[in-house]
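Visitor: Residue numbers (the numbering used here), protein chains in the order written: chain A, 1 to 138; chain B, 139 to 543.
Calculated directly from the structure, the hints in this document are not laboratory data.
Careful, some of the hints might be misleading.
[Claimed, not checked] Below, computed lysine-lysine pairings styled on BS3-like, alpha-carbon distance capped at 27 angstroms:
1. B:K144 <-> B:K345
2. B:K525 <-> B:K155
3. B:K144 <-> B:K439
4. A:K40 <-> A:K54
5. A:K54 <-> B:K539
6. B:K375 <-> B:K277
7. B:K159 <-> A:K23
8. A:K6 <-> A:K54
9. B:K155 <-> B:K144
10. B:K536 <-> B:K524
11. A:K23 <-> B:K539
12. A:K23 <-> B:K155
13. B:K159 <-> B:K147
14. B:K536 <-> A:K23
15. B:K536 <-> A:K54
16. A:K23 <-> A:K6
17. B:K159 <-> B:K525
18. B:K459 <-> A:K54
19. A:K129 <-> A:K94
20. B:K459 <-> B:K439
21. B:K159 <-> B:K524
[To be verified] Derived Cβ-Cβ restraints for the label pairs, each shown as a range:
22. A:E44 <-> B:M540: 26 to 36 angstroms
23. A:Q4 <-> B:H186: 57 to 67 angstroms
24. B:D178 <-> A:A32: 45 to 55 angstroms
25. A:Y61 <-> B:G542: 30 to 40 angstroms
26. A:L133 <-> B:V156: 35 to 45 angstroms
27. A:D22 <-> B:Y184: 42 to 52 angstroms
Where is the CB? At the ideal position from N, CA and C, for every residue including glycine.
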Amino acid sequence: MTIQEKQQDIIDEFSVFDDWMDKYSYIIELGAEMPALDSKYQTEDNLIKGCQSKVWFHADYIDGKIVFEADSDAIITKGIAAILVRVFSNETPKDIIDADLDFIDVLGLKQHLSPTRSNGLLSMLKQVKIYALAFSNK
Amino acid sequence: MIDIEKIRKDFPILNEKVYGKSLVYLDNGATTQKPQQVIDAICECYAHYNSNIHRGVHFLSNKATDIHEKSRETIREFINADSSEELIFTAGTTESINLLAYSWGDFCVEEGDEILVSEMEHHSNLVPWQLLCERKGAKFKYIPFDDNGVLSSDFDSLINEKTKLVCVNHVSNALGTINPIKDIIEKAHAKGVKVLVDAAQSIQHIKVDVKDLDCDFLVFSGHKIYGPTGTGILYGKKDLLNAMSPWQSGGEMIETVSLDKTTFNVLPFKFEAGTPNYVGNIALGRAIEYVNEIGIDNIEKYEADLLKYAHEKLSSIPSLKIYGNAENKASLISFLIEGTHPYDIGTLLDRMGIAVRTGTHCAETVMQHFDIPGTIRASFAIYNTKKDIDDLYEGLLKITKMLGL
Chain A
1 MTIQEKQQDI IDEFSVFDDW MDKYSYIIEL GAEMPALDSK YQTEDNLIKG CQSKVWFHAD
61 YIDGKIVFEA DSDAIITKGI AAILVRVFSN ETPKDIIDAD LDFIDVLGLK QHLSPTRSNG
121 LLSMLKQVKI YALAFSNK
Chain B
139 MIDIEKIRKD FPILNEKVYG KSLVYLDNGA TTQKPQQVID AICECYAHYN SNIHRGVHFL
199 SNKATDIHEK SRETIREFIN ADSSEELIFT AGTTESINLL AYSWGDFCVE EGDEILVSEM
259 EHHSNLVPWQ LLCERKGAKF KYIPFDDNGV LSSDFDSLIN EKTKLVCVNH VSNALGTINP
319 IKDIIEKAHA KGVKVLVDAA QSIQHIKVDV KDLDCDFLVF SGHKIYGPTG TGILYGKKDL
379 LNAMSPWQSG GEMIETVSLD KTTFNVLPFK FEAGTPNYVG NIALGRAIEY VNEIGIDNIE
439 KYEADLLKYA HEKLSSIPSL KIYGNAENKA SLISFLIEGT HPYDIGTLLD RMGIAVRTGT
499 HCAETVMQHF DIPGTIRASF AIYNTKKDID DLYEGLLKIT KMLGL
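Pulled out of the complex, with its shape left as it was, chain A reads as follows:
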């Protein structure tokens, strides 16, 4: 499945909710379902700056693809991280760098993108792209 197909899947899943509470309940569910990040990866280095909650992103480079794992001490943030992990994990650095991020807007999560929200979606996306750039040089 391509990044775009995964994004479309998530958009379809979200499209059934017309109420914001249902949408957030689903984000919370996604957060709860994502396995906890091994504590050895919950390091200062993996911590994403600029978030009110703590968010860790860990990346491995396996057979030309990046595998992301993430965690957060806030459940909504963890849910949003889970969406990003699902979309970008197991993809090549090039595909991640080239990926369109319009789906954030379509999901109605755009308000989380503002740098002043200090919830880290923007920082998480930046971190994903930075990992992709770093691995693309390997």
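Go by the hints and put chain B onto chain A.
Guide: Same frame as chain A, but now just chain B:
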């Protein structure tokens, strides 16, 4: 008695919709909303008499200067200072404290001296003193508080002949505790130590009388008392301010300048370098008049009732823990919901149109005391009602259900 419906009509922002819902604004500790009277005062100045103050010989400049100084007089009367010379207009609490830390601090603090700060200070009343201590080789000490959020009563045992200043807030922005500052000042003065009171979270809620308190310095921000942003006051006893050197220089604070020497203007202008925020300062005067029209005693009574109601209501949520359980509290509740991060609660409340603050509230030492990442803070102002608290309560019930608690 307070006519709450009439008051609410004064604040146009309360009619705003957030995500299509009526705004419930409970983030007054961060900033208060502005009544139409204050908004009008700003517009009127720009539309009818805008002109740089203390400078011109012309009509408008004189008019603006008169109104600006009348505003200072209104604020003087409000805090019961002896003289309007004792009131310096600043950009806010943070600037007031930095001015003091540089001007008074550089002048009065030497290597080996001690500054005593409470453990529950906002960073603005902590970091400038830490930096001063670093610059001077002085010792930074703190007054601890207990788990109810009450400052140690035997704090004066921390005062010795090296102590130069005690810095303490009147009301804690993170816990809501009203500190016994009159008692603190009395004990400090008995040992010859000066006291700075940070009134940023008290000035809008309870009577602040600098003469009764006998504080040496007192600071607050205009935007937390229904005034505009970028305004604030540094009050200081006249002899202390006179002894201090200017901090920033240029503009109206100068008496004469030659290439050999510059002499400085008298108080309060000595500390007001550059063109002051005169439009803001004038509107701050109007905000204080607005508070006077309602009466600070009435505000205090009304908000105490609101706080009591909020405490009762929120305490009834089993998973909710309130941080700050001092007997004397003013107008805010800090809390956590077990098993959740404050950020989650704040985000979900926001979607319900309820504005609260989450995080450390620029008081990380308070969070470290309790070993928590932050709290959710609901803070009240004169236009809040029991219905706002009911909305918060209902919102929290919905959220706990949503999170499966």
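Visitor: If a hint holds in the structure, say so; if it does not, say that too.
Guide: Outcome of the hint check:
1. B:K144 <-> B:K345: Given pair K144 of chain B, K345 of chain B holds - Cα atoms ~22 angstroms apart, limit 27 angstroms.
2. B:K525 <-> B:K155: Holds, at roughly 16 angstroms.
3. B:K144 <-> B:K439: 17 angstroms, holds
4. A:K40 <-> A:K54: The given pair, whose Cα atoms are some 15 angstroms apart, holds under the 27 angstroms limit.
5. A:K54 <-> B:K539: With Cα atoms ~24 angstroms apart, K54 of chain A and K539 of chain B stay inside 27 angstroms; holds.
6. B:K375 <-> B:K277: Since the Cα atoms of K375 of chain B and K277 of chain B sit roughly 25 angstroms apart, the hinted pair holds (cutoff 27 angstroms).
7. B:K159 <-> A:K23: Satisfied, since the Cα-Cα distance of roughly 17 angstroms is no more than 27 angstroms.
8. A:K6 <-> A:K54: 26 angstroms, holds
9. B:K155 <-> B:K144: Distance of about 20 angstroms is within 27 angstroms: holds.
10. B:K536 <-> B:K524: 18 angstroms, holds
11. A:K23 <-> B:K539: Measuring from Cα to Cα gives roughly 15 angstroms; hence the hint holds.
12. A:K23 <-> B:K155: 21 angstroms, holds
13. B:K159 <-> B:K147: 18 angstroms, holds
14. B:K536 <-> A:K23: Since the Cα atoms of K536 of chain B and K23 of chain A sit roughly 14 angstroms apart, the hinted pair holds (cutoff 27 angstroms).
15. B:K536 <-> A:K54: Cα-Cα ~25 angstroms, so holds.
16. A:K23 <-> A:K6: With Cα atoms ~18 angstroms apart, K23 of chain A and K6 of chain A stay inside 27 angstroms; holds.
17. B:K159 <-> B:K525: Holds, because 14 angstroms separates the two Cα atoms, which is no more than 27 angstroms.
18. B:K459 <-> A:K54: 21 angstroms, holds
19. A:K129 <-> A:K94: Distance of about 10 angstroms is within 27 angstroms: holds.
20. B:K459 <-> B:K439: 25 angstroms, holds
21. B:K159 <-> B:K524: Cα-Cα ~18 angstroms, so holds.
22. A:E44 <-> B:M540: 26 to 36 angstroms: 32 angstroms, holds
23. A:Q4 <-> B:H186: 57 to 67 angstroms: 59 angstroms, holds
24. B:D178 <-> A:A32: 45 to 55 angstroms: At roughly 51 angstroms between Cβ atoms, A32 of chain A and D178 of chain B fall inside 45 to 55 angstroms, so the hint holds.
25. A:Y61 <-> B:G542: 30 to 40 angstroms: 37 angstroms, holds
26. A:L133 <-> B:V156: 35 to 45 angstroms: 38 angstroms, holds
27. A:D22 <-> B:Y184: 42 to 52 angstroms: Since the Cβ atoms of D22 of chain A and Y184 of chain B sit about 47 angstroms apart, the hinted range of 42 to 52 angstroms holds.
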